[in-house]
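Trainee: These protein sequence lines map, in sequence, to chains X and Y. Residue numbering for the first sequence follows the working numbering, starting at 1 and increasing by one per position. Residue numbering for the second sequence follows the working numbering, starting at 1 and increasing by one per position.
If you are wondering where the hints come from, they were derived from the structure by calculation, not from laboratory data. Among these hints, one or two may not hold up.
Identical copies go unnamed one by one, so any copy, or any two together, can satisfy a pair.
Each computed DSSO-like pair below joins lysine-lysine, with the alpha-carbon atoms no more than 27 Å apart [as the list claims (entries may be wrong)]:
1) Lys-507 to Lys-419
2) Lys-341 to Lys-482
3) Lys-341 to Lys-461
4) Lys-507 to Lys-386
Listed here are the chains, written in short residue letters.
Protein chains: 2
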Amino acid sequence: MATCDGSEARAALERSVLRRVPPLLTDLYQFTMAYAYWRAGRHNEPAVFELFFRDNPFGGGFSLFAGLSDCLLFLQNFAFSDDDVEYLRSVLPAGTDAAFFSYLKELDCSAVSVSAVPEGSVVFARVCERFRGPRRRLMEMGLRRAQGPDGGLTASRYTYIGGFDLTSNALAGRLFGIPVAGTMAHSYVTSFSSLEEVWPQTLVPCGGGGPIDFICLVKGWLGRVCQLLGSKTSLVREGELAAFLSYAIAYPQNFLPVIDSYSVSCSGLLCFCAVALALCELQYQPLGVRLDSGDLCRQSLEVRRVFKECNKQFSVPQFESLIIVGTNSISEQSLAELNKKENEIDVVGVGTHLVTCTRQPSLGCVYKLIEVRGRPRMKMSEDPEKSTLPGRKSVYRLLDTDGRPQMDLICLSEEAAPKAGVSLTCFPLGLTKTLQTVTPAQVTSLRLDVFTCGQITFPLKSASESRERAQISLQTLHPHHKRLQEPHDYTVALSEQLHSLVSDITKGNSKGSNFLLSN
Amino acid sequence: MATCDGSEARAALERSVLRRVPPLLTDLYQFTMAYAYWRAGRHNEPAVFELFFRDNPFGGGFSLFAGLSDCLLFLQNFAFSDDDVEYLRSVLPAGTDAAFFSYLKELDCSAVSVSAVPEGSVVFARVCERFRGPRRRLMEMGLRRAQGPDGGLTASRYTYIGGFDLTSNALAGRLFGIPVAGTMAHSYVTSFSSLEEVWPQTLVPCGGGGPIDFICLVKGWLGRVCQLLGSKTSLVREGELAAFLSYAIAYPQNFLPVIDSYSVSCSGLLCFCAVALALCELQYQPLGVRLDSGDLCRQSLEVRRVFKECNKQFSVPQFESLIIVGTNSISEQSLAELNKKENEIDVVGVGTHLVTCTRQPSLGCVYKLIEVRGRPRMKMSEDPEKSTLPGRKSVYRLLDTDGRPQMDLICLSEEAAPKAGVSLTCFPLGLTKTLQTVTPAQVTSLRLDVFTCGQITFPLKSASESRERAQISLQTLHPHHKRLQEPHDYTVALSEQLHSLVSDITKGNSKGSNFLLSN
Numbered sequence: 001m002a003t004c005d006g007s008e009a010r011a012a013l014e015r016s017v018l019r020r021v022p023p024l025l026t027d028l029y030q031f032t033m034a035y036a037y038w039r040a041g042r043h044n045e046p047a048v049f050e051l052f053f054r055d056n057p058f059g060g061g062f063s064l065f066a067g068l069s070d071c072l073l074f075l076q077n078f079a080f081s082d083d084d085v086e087y088l089r090s091v092l093p094a095g096t097d098a099a100f101f102s103y104l105k106e107l108d109c110s111a112v113s114v115s116a117v118p119e120g121s122v123v124f125a126r127v128c129e130r131f132r133g134p135r136r137r138l139m140e141m142g143l144r145r146a147q148g149p150d151g152g153l154t155a156s157r158y159t160y161i162g163g164f165d166l167t168s169n170a171l172a173g174r175l176f177g178i179p180v181a182g183t184m185a186h187s188y189v190t191s192f193s194s195l196e197e198v199w200p201q202t203l204v205p206c207g208g209g210g211p212i213d214f215i216c217l218v219k220g221w222l223g224r225v226c227q228l229l230g231s232k233t234s235l236v237r238e239g240e241l242a243a244f245l246s247y248a249i250a251y252p253q254n255f256l257p258v259i260d261s262y263s264v265s266c267s268g269l270l271c272f273c274a275v276a277l278a279l280c281e282l283q284y285q286p287l288g289v290r291l292d293s294g295d296l297c298r299q300s301l302e303v304r305r306v307f308k309e310c311n312k313q314f315s316v317p318q319f320e321s322l323i324i325v326g327t328n329s330i331s332e333q334s335l336a337e338l339n340k341k342e343n344e345i346d347v348v349g350v351g352t353h354l355v356t357c358t359r360q361p362s363l364g365c366v367y368k369l370i371e372v373r374g375r376p377r378m379k380m381s382e383d384p385e386k387s388t389l390p391g392r393k394s395v396y397r398l399l400d401t402d403g404r405p406q407m408d409l410i411c412l413s414e415e416a417a418p419k420a421g422v423s424l425t426c427f428p429l430g431l432t433k434t435l436q437t438v439t440p441a442q443v444t445s446l447r448l449d450v451f452t453c454g455q456i457t458f459p460l461k462s463a464s465e466s467r468e469r470a471q472i473s474l475q476t477l478h479p480h481h482k483r484l485q486e487p488h489d490y491t492v493a494l495s496e497q498l499h500s501l502v503s504d505i506t507k508g509n510s511k512g513s514n515f516l517l518s519n
Numbered sequence: 001m002a003t004c005d006g007s008e009a010r011a012a013l014e015r016s017v018l019r020r021v022p023p024l025l026t027d028l029y030q031f032t033m034a035y036a037y038w039r040a041g042r043h044n045e046p047a048v049f050e051l052f053f054r055d056n057p058f059g060g061g062f063s064l065f066a067g068l069s070d071c072l073l074f075l076q077n078f079a080f081s082d083d084d085v086e087y088l089r090s091v092l093p094a095g096t097d098a099a100f101f102s103y104l105k106e107l108d109c110s111a112v113s114v115s116a117v118p119e120g121s122v123v124f125a126r127v128c129e130r131f132r133g134p135r136r137r138l139m140e141m142g143l144r145r146a147q148g149p150d151g152g153l154t155a156s157r158y159t160y161i162g163g164f165d166l167t168s169n170a171l172a173g174r175l176f177g178i179p180v181a182g183t184m185a186h187s188y189v190t191s192f193s194s195l196e197e198v199w200p201q202t203l204v205p206c207g208g209g210g211p212i213d214f215i216c217l218v219k220g221w222l223g224r225v226c227q228l229l230g231s232k233t234s235l236v237r238e239g240e241l242a243a244f245l246s247y248a249i250a251y252p253q254n255f256l257p258v259i260d261s262y263s264v265s266c267s268g269l270l271c272f273c274a275v276a277l278a279l280c281e282l283q284y285q286p287l288g289v290r291l292d293s294g295d296l297c298r299q300s301l302e303v304r305r306v307f308k309e310c311n312k313q314f315s316v317p318q319f320e321s322l323i324i325v326g327t328n329s330i331s332e333q334s335l336a337e338l339n340k341k342e343n344e345i346d347v348v349g350v351g352t353h354l355v356t357c358t359r360q361p362s363l364g365c366v367y368k369l370i371e372v373r374g375r376p377r378m379k380m381s382e383d384p385e386k387s388t389l390p391g392r393k394s395v396y397r398l399l400d401t402d403g404r405p406q407m408d409l410i411c412l413s414e415e416a417a418p419k420a421g422v423s424l425t426c427f428p429l430g431l432t433k434t435l436q437t438v439t440p441a442q443v444t445s446l447r448l449d450v451f452t453c454g455q456i457t458f459p460l461k462s463a464s465e466s467r468e469r470a471q472i473s474l475q476t477l478h479p480h481h482k483r484l485q486e487p488h489d490y491t492v493a494l495s496e497q498l499h500s501l502v503s504d505i506t507k508g509n510s511k512g513s514n515f516l517l518s519n
């Protein structure tokens with residue numbers, strides 16, 4: 001993990017990655033429409049878009065906001081290269097005015113401003129806190145199943161922000177300062193077949209002294225462990241013992257092997273105990289084991305029982321602090337079940353289901369035009385859900401007397417902010433025509449001006465800073481919004497003024513989208 | 001789309017993107033194990049790994065192989081920078097031998113060889129051909145929902161290889177030569193509110209001549225269309241008409257608006273017909289419409305009926321070739337249902353469900369050690385499915401007398417290849433102990449040596465070359481393996497010799513992973 005000294009260099013590295021998104025990485029229709037706007041002389045008209053999502057993911061009660069740094073660095077560095085423009089010339093229709101391409105070459109974001117909530121805020125995007133169970137540490141290990149290289153980096157960064165403790169992704173560790181962790185692959189174990197392959201064969205005790213024949217020491221312990229547990233040494237896989245021996249000699253202070261390459265109870269656990277007892281005899285502290293298949297709960301109980309028995313028999317208090325890491329296609333559901341059952345798992349590694357969000361692989365964010373030249377715009381649709389809320393807005397979070405968020409209120413930005421202690425009336429979304437009165441104990445404005453006329457105007461947060469905000473943000477949220485099963489809906493409401501604007505535009509009696517009264 | 005002349009430059013561009021995966025983008029345990037191997041002097045031992053997957057995705061009958069170019073370019077350019085090595089020094093345990101880091105600085109892939117099937121082969125990875133229905137063209141438009149920038153590029157490239165015709169992703173067009181397409185966003189429509197915003201207001205006829213007042217022309221057509229269809233001009237949205245007018249003036253040869261921003265039947269379709277008829281009068285060929293909400297089948301039938309009626313009434317044969325593009329959260333299932341129902345959709349745009357693979361967001365590929373120093377290695381497991389097949393292998397595809405693949409046969413590479421017309425016995429996977437006899441009419445070796453001692457030894461294929469191979473590969477496959485519902489299982493079998501090796505190692509009487517007989 002990067003030290004504090006290296007944090008500035010790392011922040012620079014993190015930014016260099018985030019800013020390399022090329023401006024051509026967008027849908028073609030952005031260019032066809034850009035030309036149509038430009039051709040009509042409308043490219044200098046001020047317009048407001050807003051980004052939102054319609055439902056919390058996974059049937060949950062809240063979301064965490066992240067991704068702002070990526071956007072801001074993209075915007076600040078936005079420019080088309082000559083090659084980009086030539087490519088666009090080749091794909092846009094023949095006859096497209098050449099002056100448009102000259103315009104693109106000069107285009108930057110100096111006229112763009114963005115307001116947003118800070119990264120790590122609870123907003124009712126990608127949530128992983130829900131994986132957290134009692135006490136345990138969580139490790140993200142999904143790189144191999146992510147969508148390409150950036151997909152893997154994205155997953156590592158945002159799961160860390162969301163509450164994971166560790167990642168297996170070495171580049172994410174370097175770029176984002178996320179603590180990295182890793183144990184042993186099954187292939188390491190199966191690459192050994194005999195004790196003859198162990199080299200070097202000696203280990204110097206932790207406190208110093210001459211090198212000890214480590215193979216001989218471990219063989220002695222294996223006999224005693226088998227006797228204690230009533231196991232047969234003849235069922236122990238020689239290759240597995242050789243692999244653990246070799247790894248312990250390389251990493252005497254970091255011994256955490258995977259013990260299910262053959263059979264946990266007949267071979268893996270016995271080999272671990274023998275090697276770990278030998279390490280303890282030489283004053284090293286073994287770390288623990290990883291289980292990667294089968295019934296993790298049942299096995300973890302058995303492993304813990306054996307650890308305790310070893311301590312009782314051989315007086316090795318180090319065995320009381322051994323950790324058990326569980327990894328085996330862990331999903332949100334299987335982790336919830338695991339948390340319900342008795343088990344002794346200290347660290348859970350989650351991969352595929354986390355980085356690919358199996359239950360809901362996309363959030364469904366929408367980005368809609370809401371104002372042009374100061375006038376509100378609204379999209380209506382035959383799917384009522386696809387209609388949008390018109391006008392430039394402010395969003396306030398109303399807190400109750402316990403300091404807990406009770407409602408997010410969406411107002412037109414021209415409205416005065418709600419005041420603490422003053423009652424107001426509003427229309428909760430989803431409950432048409434139901435007017436509600438609420439008196440907030442505290443009011444927070446959710447959106448900050450983060451990008452103003454082409455410049456980043458809000459300090460970019462590192463992954464760990466956003467992670468900290470996420471933790472704080474989640475702490476204030478009432479537990480009934482956070483639970484996995486049937487979370488309470490959090491109220492999002494429209495101000496009376498915004499509600500009236502929607503009604504007016506829908507009826508066609510606003511300048512927002514009038515009907516063609518005569519032709 | 002890139003022209004043939006630009007294809008070499010584009011290939012260079014494509015490679016520059018594929019080769020930029022940094023070597024640190026891997027799981028930490030690869031480095032911890034690398035050190036343990038190195039410490040034990042085993043880093044120069046020859047070993048073989050193989051990559052496979054256990055089940056075809058989406059309950060289907062086959063898969064398409066792709067991604068080889070990415071791997072080969074990564075391998076050929078594999079090298080650690082000094083900064084990479086310093087980072088690794090900071091995360092590996094203190095006391096790790098400094099000579100290991102010197103070793104890493106010199107490390108390359110000059111001793112690595114890879115054999116693989118060519119990209120685009122049917123292998124029983126990510127399948128999108130299944131989206132294809134009768135006649136229609138398919139457009140990928142999932143960039144906004146993909147996992148980060150690379151996720152989006154990856155999706156565009158591999159859906160094209162898998163059979164899609166078009167992408168909305170402009171950068172994918174430039175990098176990979178995929179034909180790009182795009183229409184119009186709802187925000188373009190809602191950005192207009194009145195005909196006063198249309199500028200310029202004139203259009204020069206296709207055949208030349210003086211500029212015509214296009215607004216006036218369209219208004220005239222709108223009246224006639226409303227009369228023909230019995231619709232009220234008073235329900236037409238002025239902003240929608242203004243948007244279509246403005247777009248048509250910018251793109252008279254590429255008019256394909258989205259017609260459901262307000263109401264298809266009361267406004268969008270009428271505006272389209274009026275503008276399209278005016279374009280036809282000026283000898284332009286409008287392209288068609290896009291539907292983005294509601295019941296796409298029903299609406300497409302209505303739209304087609306109106307097109308035909310316009311032609312009948314106004315004698316515009318151009319209206320017979322208008323296309324209807326359908327986009328609205330299309331999934332594999334909804335497309336299958338759409339294909340069953342009567343509809344008039346010519347192009348289907350698929351986004352979220354395609355790039356995030358909602359039904360199964362990961363394939364579950366596994367990468368396992370199978371040979372060390374010429375000796376087979378096998379991982380056994382308490383989950384029988386997690387056991388691996390030992391030894392370096394060859395894979396042959398056996399074809400029947402119709403030239404259709406009937407079985408893939410996995411042999412040890414030391415075995416002689418099966419011969420056409422000669423019967424052989426084998427053990428189909430999934431049917432333990434069932435010996436089967438088969439006489440292939442033709443035999444193809446599936447794996448090619450694509451990377452030999454650090455050099456790419458097989459010409460890298462462009463996206464379009466791999467796409468072509470995929471089409472050919474799919475054509476030979478029997479339809480009963482390709483259907484969506486309950487596809488026939490394709491037979492994959494082990495040679496007798498490989499089957500014996502598995503039995504021997506499982507019983508512990510092979511040198512693969514012997515038991516510890518004495519301690």
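Trainee: Take the hints in turn and mark each one as holding or not.
Mentor: Results for each hint:
| no. | hint | verdict |
| --- | --- | --- |
| 1 | Lys-507 to Lys-419 | neither (32 Å within a copy, 76 Å between copies) |
| 2 | Lys-341 to Lys-482 | within (21 Å within a copy, 42 Å between copies) |
| 3 | Lys-341 to Lys-461 | neither (38 Å within a copy, 51 Å between copies) |
| 4 | Lys-507 to Lys-386 | within (17 Å within a copy, 62 Å between copies) |
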